[in-house]
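Protein chains in written order, with my numbering: chain C, -12 to 498; chain G, -12 to 498.
Among these hints, one or two may not hold up.
Since the list gives no way to pick out one identical chain from another, each pair is judged satisfied if it fits inside one copy or across any two copies.
[To be verified] Computed cross-link-like contacts, EDC-like style, restricted to lysine to aspartate or glutamate with a CA-CA straight-line distance of at most 20 Å:
id, residue 1, residue 2
1, Lys454, Glu14
2, Lys29, Glu51
3, Lys397, Glu466
4, Lys44, Asp13
5, Lys454, Glu416
6, Lys425, Glu14
7, Lys454, Glu67
8, Lys402, Asp439
9, Lys274, Glu83
10, Lys454, Asp13
11, Lys492, Glu416
The set of hints was computed from the structure by calculation and includes no laboratory data.
Quantities reported herein were computed from a predicted structural model and do not represent experimental measurements.
So you can see what is in the structure, the chains are spelled out below.
Protein chains: 2
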Amino acid sequence: MRLKTEILGVESGGRPIVFLNKYDADELGISASGRVLLRSRKDITAIVNVATRSVRKGHVGISEEIRMMLGKVPHYIDVEISSFPKSLQFIRNKLEGKKLVYKEIYEIVKGVVDGNLSENEIASFVTALHIRGLDLDEATSLSMSMVETGARLNLGKRVVDKHSVGGVPGDKTTLLVVPIVAAAGLIIPKTSSRAITSAAGTADRAETIMPVNISNNEMKKIVKKCGGCLVWGGALDLAPADDIFVRTEYSLYIDPLLLPSIMSKKKAVGATHLVVDIPTGRGAKVKTISEADQLAKDIIELGKRLKIHTHCVLTYGEQPIGYTVGPALEAREALEVLMNESNVPDLIDKACNIAGTIFEITGRKNGYELAKNMLKTGRAEAKLRQMIGLQGGNQNIMPDDLPIGSHTLKVKARKEGQVIWINNNAIVEIARSAGAPKDKGAGIVFNKKIGDQVSKDDILFTVYAEKSRKLNRAHDLLEEINPIGVGKRADMVIHTIKESPMIKKSFVLER
Amino acid sequence: MRLKTEILGVESGGRPIVFLNKYDADELGISASGRVLLRSRKDITAIVNVATRSVRKGHVGISEEIRMMLGKVPHYIDVEISSFPKSLQFIRNKLEGKKLVYKEIYEIVKGVVDGNLSENEIASFVTALHIRGLDLDEATSLSMSMVETGARLNLGKRVVDKHSVGGVPGDKTTLLVVPIVAAAGLIIPKTSSRAITSAAGTADRAETIMPVNISNNEMKKIVKKCGGCLVWGGALDLAPADDIFVRTEYSLYIDPLLLPSIMSKKKAVGATHLVVDIPTGRGAKVKTISEADQLAKDIIELGKRLKIHTHCVLTYGEQPIGYTVGPALEAREALEVLMNESNVPDLIDKACNIAGTIFEITGRKNGYELAKNMLKTGRAEAKLRQMIGLQGGNQNIMPDDLPIGSHTLKVKARKEGQVIWINNNAIVEIARSAGAPKDKGAGIVFNKKIGDQVSKDDILFTVYAEKSRKLNRAHDLLEEINPIGVGKRADMVIHTIKESPMIKKSFVLER
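Pulled out of the complex, with its shape left as it was, chain C reads as follows (with noise of 0.2 Å):
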């Protein structure tokens, strides 16, 4: 069917989506949810929406995305029915529980990033691996199947990397790791993510004293020149099905492709050699050991299906990590451990348990040592500046360049004795409503962590926001949630659930 093009200008996700007037689209026999071919200099699947009023019969409306594909967007196209695609029937296959196979797994991957599964279909796949489970094959398929769909760096022969499961606000480890490792001689291209529920994701936190918008080219480049770098792994289309899965993932709260989502994007930038970093509490996404035990063994077997030396390391994630939490003050943080002006125990071990470790599966003696060794002669330090340099940023860049919010809020002990606990998912949503991470200069710096000794009105943390519309907003939450547990070390009751809910709270806020 010939139908005149008419360019909505609207996105559809990355999808390419064309809007069919319902008459034409009862002519051609398909309904939403179905599948035409477009017919110009090269082929598009695209999935249908039927509109009554908004596209006229005789039109096909397109979707940005198509309009990309298509470059030139001719005056009139050809609109075929298009089959449903095989990657259908092998979800189906996964809904009533049978093994996929590595092809049929390619077929779904290769359906989702190029668009020709509808998000339905891709929610019931991601669903039925969630109800179904997969094992050991699958997973090693799915990694496979997102790496040979997406782009793949090649650095060399040994190559390693570090990951963390995340979950524990203010985790800057990854500051550190990455120079400390690349200074010791090793070859690490570090790409990270964006928050998504989180206060800051390392490339928010990096991005603070440096570019990390960077293309692939850039990228291999510079660790060359450096070993190392510290970018955003959005742009770099590594494993692009996974950020896809991501989104279906996101608001139902599960992750059944979480090892697989993990190894691919270690596959694509081609690494060897894996140190996974999983943070274990009630705080943290792992909330115990023998959760954590499980997850480790699962990671390390398919990091060896994918020759992949795997490592993972078990931490404590019952409390934010140093004491910032927001993009600046982490990274300000960061930099003042690299440069030596700032203890910061908890940071400063986490940081060389991991590099240590990454040195002794590469078979080097006595990690941790050498690990603290390039901190301490300022040699990460210099590695982090030839780094910034290189990705664009200023070589000379002091942790007090990176700007704060303004707006302050202190929250002050109520009564004296020692902070019992803090509750990582009230810190988080603290600093996001001050504005992290989009404000980068939003946070919360923390005086008293877990086990300190507190006086009455000592300041127990202080709320930073760049803009006040954003402190009265944590200000509000605060009158709500109790983050923070203040008392002597035999208090047991944390609160106390009522028909009208009372909560006893160890703080009084001042601004």
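We have chain C already, so just place chain G on it with the hints.
Just chain G, lined up with the frame of chain C:
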């Protein structure tokens, strides 16, 4: 956040969708598929699409659905982040295999109808229902929730209805059952659907003899006057959640909501007595008798919970009902039978059995004979003509008044023998390729059915099309597939699948 409203002029499949610029989305702290609250005269919850180019910073693009909900569109609108709806938690619970209670299911169904749940989330729920299954309590809750989130009819203390699980081409039984039942004084407010994957739905058939797009109020008046109606259910807002679930189920070929879908529509029209036809056979939706027996048991149990007295009739579904397939051809055949101008034994038997069961379930004796009597005496025909008049059609319509496609293709026997089998799916494909259900005059007329004796060159069936292009399409398809088997009763082979398939056809084509 106050944003300038921009009418995008696109429809978003019934769901309220806004497009935000990436900058504003980040500022609000929201990702794609997140939800926002639009503050206007009434609050509207909308699902977010993130745009990078097509919507400018400071603007909010609204879909046609939202434009309609807003009525007068304000120049600016306050957009706030909206938290995840409770229903998402309940969907997650189902994913984890937990049984859902009525309140939880109601929240989900309401979220579906109000558009507060995204396509992803609905697909995930439907998939979870398919894999985890749903028990009778959950099916009851789903049915009732679907009823309560839509319109309801109240037409009297005793209202009867019929339903077919479907899957057999040419099934025009309803066109006979409704006038037979109404002629005997029962109330039967029949709503029907249009074809999605078949060659004709009952609404498509009925539409060739009278208007079927009738409002709730008109429908009530018609039923009060003549006891029955034959209308399209799609515009009546009866159990509207069902239509949305069906859209998700469609491409995945799953239908975990089959029972609630059937029963909610019946409950919404106020049915107290129901007969469900379950066509059974290789060419029907339900393949085996034991499968049909189980389904019947479940339907009857659900009926009890919903206070609908239900009987199920298992019928022969190995070949089309009667001699015609396609909207107008089928309507002609039904009209001829009602006028006693044509004898179509299987159609008459099926219609009288189903109408008869309706009579018996409501307390009458000798239902089959009573039904047959309504047919023979012309009372059913008179009732249909009254109905046609009340629905705005021509009461004196004759079978020949229904236009049939003028392009024909005769399918003739290559050799003598007996019709051994008819492939229903292939018949539907041929009828659809010839233009049905869109072209109402397209379809198939059979001269021979299973068991009939065939001589060489006898016409087996004729394909009708309104457009020669579509007849060509049917012709091409017939070169490829084999919809009918002619041979000796003892011939056991249907066809042989070889590396290069060789289909042994028992027909030749003639135009």
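If you test the structure against every hint from before, which numbers come out violated? none
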